[in-house]
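Assemble the whole structure, with the sequences as input and the hints as a guide.
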Amino acid sequence: ETGVTQSPTHLIKTRGQQVTLRCSSQSGHNTVSWYQQALGQGPQFIFQYYREEENGRGNFPPRFSGLQFPNYSSELNVNALELDDSALYLCASSGRRGQGYNSPLHFGNGTRLTVT
Amino acid sequence: GENVEQHPSTLSVQEGDSAVIKCTYSDSASNYFPWYKQELGKGPQLIIDIRSNVGEKKDQRIAVTLNKTAKHFSLHITETQPEDSAVYFCAATYSGGGADGLTFGKGTHLIIQP
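Respectively, the protein sequence lines represent chains A and B.
Residue 1 is where the first sequence starts when you use the numbering used here, and the numbers rise one by one after that.
Residue 1 is where the second sequence starts when you use the numbering used here, and the numbers rise one by one after that.
Hints in this document: simulated from the structure, not taken from any laboratory.
A quick note: this is a predicted structure, and the numbers were derived from the prediction, not measured.
All clues stand as given, with none of them false.
Taking lysine to any residue and the SDA-like style, the derived pairs with C-alpha atoms no more than 20 Å apart in a straight line are: (1) B:Lys106 with A:Asp84; (2) B:Lys106 with A:Gln44; (3) B:Lys106 with A:Arg112; (4) B:Lys42 with A:Thr9; (5) B:Lys58 with A:Ser103; (6) B:Lys106 with A:Ala38; (7) B:Lys42 with A:Ala38; (8) B:Lys42 with A:Gln6; (9) B:Lys106 with A:His106; (10) B:Lys106 with A:Gln41; (11) B:Lys42 with A:Ser7; (12) B:Lys58 with B:Ser74; (13) B:Lys42 with A:Gly3; (14) B:Lys106 with A:Gly40; (15) B:Lys42 with A:Ser86; (16) B:Lys42 with A:Thr5; (17) B:Lys42 with A:Ala87; (18) B:Lys106 with A:Leu88; (19) B:Lys42 with A:Leu88; (20) B:Lys42 with A:Asn109; (21) B:Lys106 with A:Ala87; (22) B:Lys42 with A:Pro104; (23) B:Lys42 with A:Arg22; (24) B:Lys106 with A:Asn109; (25) B:Lys106 with A:Ser86; (26) B:Lys57 with A:Ser103; (27) B:Lys42 with A:His106; (28) B:Lys42 with A:Leu39; (29) B:Lys42 with A:Arg112; (30) B:Lys106 with A:Gly58.
Here are a few chain B residues that sit away from chain A, every Cβ distance over 12 Å (derived from the structure): (31) Leu11; (32) His76; (33) Gln113.
A virtual CB, placed ideally from N, CA and C, is assigned to each residue, including glycine.
What follows is the structure in structure tokens.
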């Protein structure tokens with residue numbers, strides 16, 4: 001069973017630039033979620049994708065956007081980077097059951113983004 | 001929205017002793033409560049979870065208890081070992097088959113003293 005993989009592992013960008021982070025889901029999972037984890041804090045929910053559509057969003061501005069592809073992999077795009085966007089970005093996958101409950105979230109090791 | 005409070009922020013215990021981490025949540029609609037362990041340089045790893053239709057769940061040295069009335073849940077680790085040292089996060093959400101973004105606590109840094 002292949003786990004959740006993210007790329008790149010580290011990234012340095014300048015304020016105002018745009019960034020794309022990538023994620024491959026765990027095999028058998030059809031739902032992808034993205035979280036932002038600031039240093040010393042718990043992860044914060046950005047959004048969730050199911051069937052290639054955004055399906056649930058946390059308190060993040062529209063410059064945070066995403067995509068999910070037919071193979072369930074996903075991208076997180078952040079435009080107009082700000083210094084406060086410096087964080088660990090975590091991708092997690094799960095299996096949506098449609099009724100009842102979803103399978104637990106499994107996280108990748110994240111992408112460390114530094115904005116200077 | 002949901003708010004999760006976690007205590008303590010740091011917990012130091014002697015190897016072999018027990019550790020308890022406590023969380024409270026605000027949204028009575030939440031029905032799914034996972035616990036994650038995060039080691040340095042890695043993503044969170046699910047260690048145990050509980051749904052609101054049960055009050056306690058155990059897996060070897062780890063147990064979780066849930067009090068729906070008081071809206072709090074706790075993680076219990078017995079016979080702690082050096083490899084238990086890590087940051088632990090509690091989380092809560094309503095999980096009904098649709099979107100279910102987790103709300104996390106701020107984490108507890110567990111230190112196992114040899």
